[in-house]
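S.K.: Heads up: the sequence lines are chains A and B, in that order.
Letter by letter, the first sequence follows residues 1 to 321 of our numbering.
Letter by letter, the second sequence follows residues 1001 to 1339 of our numbering.
What the hints contain is simulated information worked out from the structure, not anything from laboratory work.
We put the CB at the ideal spot given by N, CA and C, even for glycine.
It is possible that part of the hints are untrue.
Said to hold, decoys possible - Interface residues of chain A toward chain B, partial, derived using beta-carbon atoms under 10 angstroms: (1) D30; (2) S101; (3) P104; (4) D185; (5) D213; (6) L254; (7) V267; (8) S270.
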Amino acid sequence: MEPLLRVRELRVRFATRHGTVSAVDGVSFDVYPGETVAIVGESGSGKSVTMQAVMGLLPRGAQVSGSITYRGTELVGRPVSVTRALCGDELAMIFQDPLSSLNPVFRVGRQITEALVRRRGMRRAAARERAVELMTRVGIPAPELRVDEYPHQFSGGMRQRAMIAMALAMSPRLLIADEPTTALDVTVQAQIMRLLASLRESDGMALALITHDLGVVADAADRVVLMYAGRVVETGPTREVYEHCRHPYTEGLLASVPDDADVDRLVPISGQPPNPASLPGGCAFHPRCRYAIERCRTERPPLSVVDGHPSACHRSQEVGG
Amino acid sequence: MNPMPAPSDESGTAVAGPPLLSVRDLVTSFPIRSTLLRREIGRIEAVAGVSFDLPAGQTLGIVGESGSGKSTLARTVVGLARARAGSVTFDGTDLTAAAPAEVRRRRRDIQMIFQDPYASLNPGRTVRQLVTEAWQIHPDVVPRDRWPAELAELLARVGLDPGHADRYPHQFSGGQRQRIGIARAIALRPRLVICDEPVSALDVSIQAQVLNLLRDLQRDLGLTYLFISHDLSVVRHVADRVAVLYLGRIVEEAPTAEIFAAPTHPYTQALLSAVPRLRPWRETAPEPIVLAGDIPSPANPPSGCRFRTRCPRAEDVCAIEPPALTIRGTHPAACHFAG
Ligand SMILES: Nc1ncnc2c1ncn2[C@@H]1O[C@H](COP(=O)(O)OP(=O)(O)OP(=O)(O)O)[C@@H](O)[C@H]1O
Ligand SMILES: Nc1ncnc2c1ncn2[C@@H]1O[C@H](COP(=O)(O)OP(=O)(O)O)[C@@H](O)[C@H]1O
Ligand code: SF4
Ligand code: SF4
Ligand SMILES: [Mg+2]
Ligand SMILES: [Mg+2]
Chain A
1 MEPLLRVREL RVRFATRHGT VSAVDGVSFD VYPGETVAIV GESGSGKSVT MQAVMGLLPR
61 GAQVSGSITY RGTELVGRPV SVTRALCGDE LAMIFQDPLS SLNPVFRVGR QITEALVRRR
121 GMRRAAARER AVELMTRVGI PAPELRVDEY PHQFSGGMRQ RAMIAMALAM SPRLLIADEP
181 TTALDVTVQA QIMRLLASLR ESDGMALALI THDLGVVADA ADRVVLMYAG RVVETGPTRE
241 VYEHCRHPYT EGLLASVPDD ADVDRLVPIS GQPPNPASLP GGCAFHPRCR YAIERCRTER
301 PPLSVVDGHP SACHRSQEVG G
Chain B
1001 MNPMPAPSDE SGTAVAGPPL LSVRDLVTSF PIRSTLLRRE IGRIEAVAGV SFDLPAGQTL
1061 GIVGESGSGK STLARTVVGL ARARAGSVTF DGTDLTAAAP AEVRRRRRDI QMIFQDPYAS
1121 LNPGRTVRQL VTEAWQIHPD VVPRDRWPAE LAELLARVGL DPGHADRYPH QFSGGQRQRI
1181 GIARAIALRP RLVICDEPVS ALDVSIQAQV LNLLRDLQRD LGLTYLFISH DLSVVRHVAD
1241 RVAVLYLGRI VEEAPTAEIF AAPTHPYTQA LLSAVPRLRP WRETAPEPIV LAGDIPSPAN
1301 PPSGCRFRTR CPRAEDVCAI EPPALTIRGT HPAACHFAG
């Protein structure tokens, strides 16, 4: 099967006051039709920038290299309009903070079907009906009334549902969700994740899920891509990675989660994520790594397959179980 | 400082001593004002009759959804918000009724750690200034000539480099800033520390560092914690007892292991079942209970049981009769059908 989305050696740099920031540094992954891939990492690891590159949403001045192909069409180096055209029909994205992506002065229903009206020439009356349908589908109660309300009249969970309805309007093949439940409570998070899972089943939609919540990943994702300091450090089927991780960072993250009631002390990763303007040489994780050896300071470990799935560590054989 | 380890019985669970903090029927409300004339047209009861006891040396976890009143409860206990009714008794003194001088003296023993380490530290002050200002206000805690030595010890205690005392908050990472907040909170040697979402803004690996630090400080300094979080896994890890808040009221309260193993209130059951597990394939969890809708506005709470609009077990009586928080089964729950 051909992947829907293929990212190869993606690099994104920003020129800042503090010098050049390498936000994404050689990232590769695929998303196949109908699957859920989770992109995981600490804040600043480059998750959002990666997906902004895919969606053509990077600010002007960002330097992008490498390759991003969507169903065979190369997006890097093409005018943003090419990406935008695709984004309308095939790709959609939802964000952590739905309020900032909804326009406060327009009615919610109108925003949900704006693209249908503008791009597919749907008439307003039909669009309103379609908005009610979509709102029903994402579980917004009393959609006939709420279709005419404004974003500030919606709760956080309802706004996120409205965003999903907007994303679904064009029936995308790939939905990119950047921390879609981070701002929500667990009961509402459960509702949203269940909704996304059901859409995947009914429509065969693929989902690229950015999150830092390892529990959400375990529940939702077929495959996981772990990022650290702008690079992929480990990737593979979720269950295999969680049970047999091959990278010290993955191991540390999993041990940091207070999941087991019987654990008295957590085993945190020491230190803190690096400043992207001055990344450590060699393996960027070495100042925090309890497996680090001399070689790690100078030699950057490539992503290579050890025991079934790829990881980027000189000592991956000795990590995990 | 004297260590005060919690006594244990044979089963290893902590036994409650006399309460250090005792809260009774606490109500904290905010005015709702008309947009035009700013007249008071009603009140939001953010905390709507809360009672609990917290024994010395223990940790009470408070969980609940956004808007359930967790922060308002915390702010009322430390005196940042005014109680409209009820009492907050700390070590035998009712802080809502005592003379101002007495309250001021007592408040020194109660400190708070905030969620947002960025917003809670004045950006124009160095770590040294941030910590020593507390000693300036309460000069009897640390004599001035001991400040440099005490500061160095305190910073080392929370895992910061004492050599960085003259740096500003923006020169530290999020996790380090939370350590500054912790240093400030314990500088006055408090007995009770209110932690309002102390790790929610931090990355998982840093979260674990700060949780371990809080645990070590409790053991070494005999601290008592009121620990607020919306993250149930975090609360399960730190708390001896857990109280579940819904729309300003406690709906269930029990020892941590008990509430996680056998929740009796429908809301607690739904909340716990919604927590994603780290390795779901290793266990056979029951089908999650997915609640309909969102938490209603506290400006206009449902009649009877406040949870009834989302409750899968609601019956007619629930709309009329508010269920009291009384022992049903083995521990208190506020549901007509719990236990
Ligand atoms: N100063 C205030 N004026 C008016 N209403 C307020 C004020 N502070 C809090 N509220 C309201 O009181 C209720 C409880 O708020 P509170 O901040 O205590 O919730 P919380 O449980 O801490 O939520 P979160 O998890 O989002 O921090 C909310 O409905 C909130 O909007
Ligand atoms: N427009 C920008 N200009 C400069 N640096 C940026 C910009 N956007 C993101 N960055 C930096 O790139 C890195 C990765 O950011 P991001 O992808 O947002 O991380 P996250 O993994 O938390 O989503 C961070 O260090 C961030 O500060
Ligand atoms: S390459 Fe070295 S420093 Fe990097 S993760 Fe592996 S052992 Fe640790
Ligand atoms: S009292 Fe009624 S509505 Fe409230 S939790 Fe119990 S069953 Fe549900
Ligand atoms: Mg991000
Ligand atoms: Mg709060």
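S.K.: List, from low to high, the hint numbers that the structure doesn't satisfy.
M.R.: Of the numbered hints, 1, 2, 3 do not hold.
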